[in-house]
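K.L.:
Position chain B relative to chain A; hints supplied.
2 protein chains.
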Amino acid sequence: METRQQQLERAVQAALASKMENIYFVACGGSMALFLPAQYILDRELATPSFVYTANEFVHREPKGLGADSVVVLCSHSGTTPETVNAAKLAREKGAITIAFSNEVGSPLWEAAEYGIQYDWGPESDAAQSNVGMLFKLVFNILNAKAPNEKYERALNTITKLKDILTRNKEQHEEAAKAFGSAYKREPLIYAMASGSCYGPTYAFAACLLQEMQWVHSNAIHSGEYFHGPFEVTDYDVPFVIVKGLDETRPLDERAEAFCKKFSERVVVIDAAEFDWTDVGEDLRKYFAYLIVNGLLRQYADWLAEHRGHPLSVRRYMWKMEY
Amino acid sequence: METRQQQLERAVQAALASKMENIYFVACGGSMALFLPAQYILDRELATPSFVYTANEFVHREPKGLGADSVVVLCSHSGTTPETVNAAKLAREKGAITIAFSNEVGSPLWEAAEYGIQYDWGPESDAAQSNVGMLFKLVFNILNAKAPNEKYERALNTITKLKDILTRNKEQHEEAAKAFGSAYKREPLIYAMASGSCYGPTYAFAACLLQEMQWVHSNAIHSGEYFHGPFEVTDYDVPFVIVKGLDETRPLDERAEAFCKKFSERVVVIDAAEFDWTDVGEDLRKYFAYLIVNGLLRQYADWLAEHRGHPLSVRRYMWKMEY
Numbered sequence: 022m023e024t025r026q027q028q029l030e031r032a033v034q035a036a037l038a039s040k041m042e043n044i045y046f047v048a049c050g051g052s053m054a055l056f057l058p059a060q061y062i063l064d065r066e067l068a069t070p071s072f073v074y075t076a077n078e079f080v081h082r083e084p085k086g087l088g089a090d091s092v093v094v095l096c097s098h099s100g101t102t103p104e105t106v107n108a109a110k111l112a113r114e115k116g117a118i119t120i121a122f123s124n125e126v127g128s129p130l131w132e133a134a135e136y137g138i139q140y141d142w143g144p145e146s147d148a149a150q151s152n153v154g155m156l157f158k159l160v161f162n163i164l165n166a167k168a169p170n171e172k173y174e175r176a177l178n179t180i181t182k183l184k185d186i187l188t189r190n191k192e193q194h195e196e197a198a199k200a201f202g203s204a205y206k207r208e209p210l211i212y213a214m215a216s217g218s219c220y221g222p223t224y225a226f227a228a229c230l231l232q233e234m235q236w237v238h239s240n241a242i243h244s245g246e247y248f249h250g251p252f253e254v255t256d257y258d259v260p261f262v263i264v265k266g267l268d269e270t271r272p273l274d275e276r277a278e279a280f281c282k283k284f285s286e287r288v289v290v291i292d293a294a295e296f297d298w299t300d301v302g303e304d305l306r307k308y309f310a311y312l313i314v315n316g317l318l319r320q321y322a323d324w325l326a327e328h329r330g331h332p333l334s335v336r337r338y339m340w341k342m343e344y
Numbered sequence: 022m023e024t025r026q027q028q029l030e031r032a033v034q035a036a037l038a039s040k041m042e043n044i045y046f047v048a049c050g051g052s053m054a055l056f057l058p059a060q061y062i063l064d065r066e067l068a069t070p071s072f073v074y075t076a077n078e079f080v081h082r083e084p085k086g087l088g089a090d091s092v093v094v095l096c097s098h099s100g101t102t103p104e105t106v107n108a109a110k111l112a113r114e115k116g117a118i119t120i121a122f123s124n125e126v127g128s129p130l131w132e133a134a135e136y137g138i139q140y141d142w143g144p145e146s147d148a149a150q151s152n153v154g155m156l157f158k159l160v161f162n163i164l165n166a167k168a169p170n171e172k173y174e175r176a177l178n179t180i181t182k183l184k185d186i187l188t189r190n191k192e193q194h195e196e197a198a199k200a201f202g203s204a205y206k207r208e209p210l211i212y213a214m215a216s217g218s219c220y221g222p223t224y225a226f227a228a229c230l231l232q233e234m235q236w237v238h239s240n241a242i243h244s245g246e247y248f249h250g251p252f253e254v255t256d257y258d259v260p261f262v263i264v265k266g267l268d269e270t271r272p273l274d275e276r277a278e279a280f281c282k283k284f285s286e287r288v289v290v291i292d293a294a295e296f297d298w299t300d301v302g303e304d305l306r307k308y309f310a311y312l313i314v315n316g317l318l319r320q321y322a323d324w325l326a327e328h329r330g331h332p333l334s335v336r337r338y339m340w341k342m343e344y
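Residue numbers (our numbering), protein chains in the order written: chain A, 22 to 344; chain B, 22 to 344.
Everything labelled a hint here was simulated from the structure, so no lab data went into it. Treat the hints with care, as some may be off.
Identical chains share a label here; the pair holds if one copy fits it or two copies do between them.
[To be verified] Derived lysine-lysine pairs resembling DSS-like cross-links, with alpha carbons at most 25 Å apart: (1) K341 - K283; (2) K206 - K282; (3) K40 - K85; (4) K85 - K172; (5) K40 - K167; (6) K172 - K184; (7) K40 - K199.
So that you can see chain A by itself, here it is in the shape it has in the complex (with noise of 0.2 Å):
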């Protein structure tokens, strides 16, 4: 059986060799959040037109750049997920190069899509195996055969350090999660607000650690439009959980800072300017806010879940009954 490595290799290779017109990351909730990143990298390192949908919408919209010299890229953990399991189907038959990351090979997904890259899981695994780290690996393979750069072998080589990068900065917000989940957790409605390459995982620990695994109302606000509508919500009780990151657009996350403080008593900051970044050069550190961030918001959805007595793992509906 091939190793992950080599699996990754097969695909990068295939990617490389096609004529990559335009790259579609397709997955859904958790797995399509992931993906926001790598299309924010994507779109400030390469010209390639990149695009991310959720499984369902791309494959009913079927978009007209869908064809022959796409490289689509799905991800679902079980490869079960029948939506993603289509839109490699109807990327196959478009003639894409398909490449899939699941925790399980041999399932629906994998069999469907023509490349598989197998990603590890849970506590004891190897961040850097995981399906963060597994993309990341994707993102910057590609972009170093295409312009070949040491800053992104620097990034490749950092990226083995995830686990103890992650490990670091969990301890030091260690206190900070389980203050917030104890003084947040009588809340029916926690916001949220990132940019950037942060958005992702802040639209996860929206819909998938409050929405789905707490039953807390929520909505990942982008910092930059929170100025254009949402920010009227705004008032003294109103609790927002706000990620700085350290990419291009931090000054957004600023500036929602700012104003979100003066008006609101219930403001958490994440920011990624005060992570402990032993390991990581500080041109990287835009690049691996996020795969930080992503651990930190499981972290506090952590102890928010231990505060309020309610499992993460706990659901009323998914796998429960068919929808």
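P.N.:
The following block gives chain B in isolation, referenced to the frame of chain A:
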């Protein structure tokens, strides 16, 4: 002075004379929301990649695909939105064709962009001359030039009847909108849900009409994403406004409605299949649904405002301070 039609023609000519390797739609809040259906239609009809960005994300992200072969379409009602003005400046520096929609000739956005298209506004105005009407004409003129089709010409003829189409549908929905205002006036949170070309107006309903103009918590959930997280918040007393469009993604809305109605007793549905379609050819209805939805959601918000005694014009922060 140029007529609106002349402004439009000049902008279309400029776009067509360029390589138009990609199209960026850039604005904030409600103006950004009205670009989303345009991007949907282009995605369906044209292989040229098109994108929608909130203006400040666009300015800071500075997508690498932006350049001399790009067309950048912007919109600001007053023409003073600083983020959008900056986006126009950036796009122009990069040599892109810049086309700005605004209610105000001579506004900062008007001056920053190379081509201006002035639109009409207000209850007495002709909807075909409004922001959505003029944008519709831009999109279908470009499509018709790229791949002439009598369907596109009929769409352009039909848009001239938009005012009557809207009037008839508003009359049809008057009682339902009034009932919504009364029945939902005490809700602190109302979710909205849609997909495809109707997602844009639904986003504007959540962010601008509910959050901004009513201080009601909201989130425009994508009907396809609903099942991958957000649906777990559904309960008997959680209110949803669901929009069912008529384009290719309608099955997503139907599925979301069927599930949502099983577990919530507070579901309001706006169904484009039930609209008064007089004067609109059957094959064109999928393109016109979002225009009617846009008008109806405003009508629903008008009645909510009436019953809440909170006029849509009230603000606490917007335009009242620096932010």
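K.L.:
It remains to establish, for every hint, whether it holds in the given structure.
P.N.:
Status of each hint after checking the structure:
Only between protomers do K341 and K283 lie at most 25 Å apart by alpha-carbon distance; the minimum there is 14 Å, versus 43 Å within a single protomer. In this assembly of identical chains, K206 and K282 lie within 25 Å of each other by CA distance solely inside one copy; the values are 20 Å within and 28 Å between copies. Both within a single protomer and between protomers do K40 and K85 lie at most 25 Å apart by alpha-carbon distance, with minima of 16 Å and 18 Å respectively. Proximity of K85 to K172 under the C-alpha cut-off of 25 Å is restricted to the inter-copy arrangement: shortest distance 17 Å between copies versus 35 Å within a copy.
Proximity of K40 to K167 under the C-alpha cut-off of 25 Å is found in both arrangements, the shortest distances being 12 Å within a copy and 23 Å between copies. Taking the closest pair of Cα atoms, K172 and K184 come within 25 Å of each other only inside a single copy of the chain (20 Å); across copies the shortest separation is 56 Å, beyond that limit. With identical chains, the CA atoms of K40 and K199 are never at most 25 Å apart, being 49 Å at best within one copy and 55 Å at best between copies.
The structure is inconsistent with hint 7 alone, although it conforms to all the rest.
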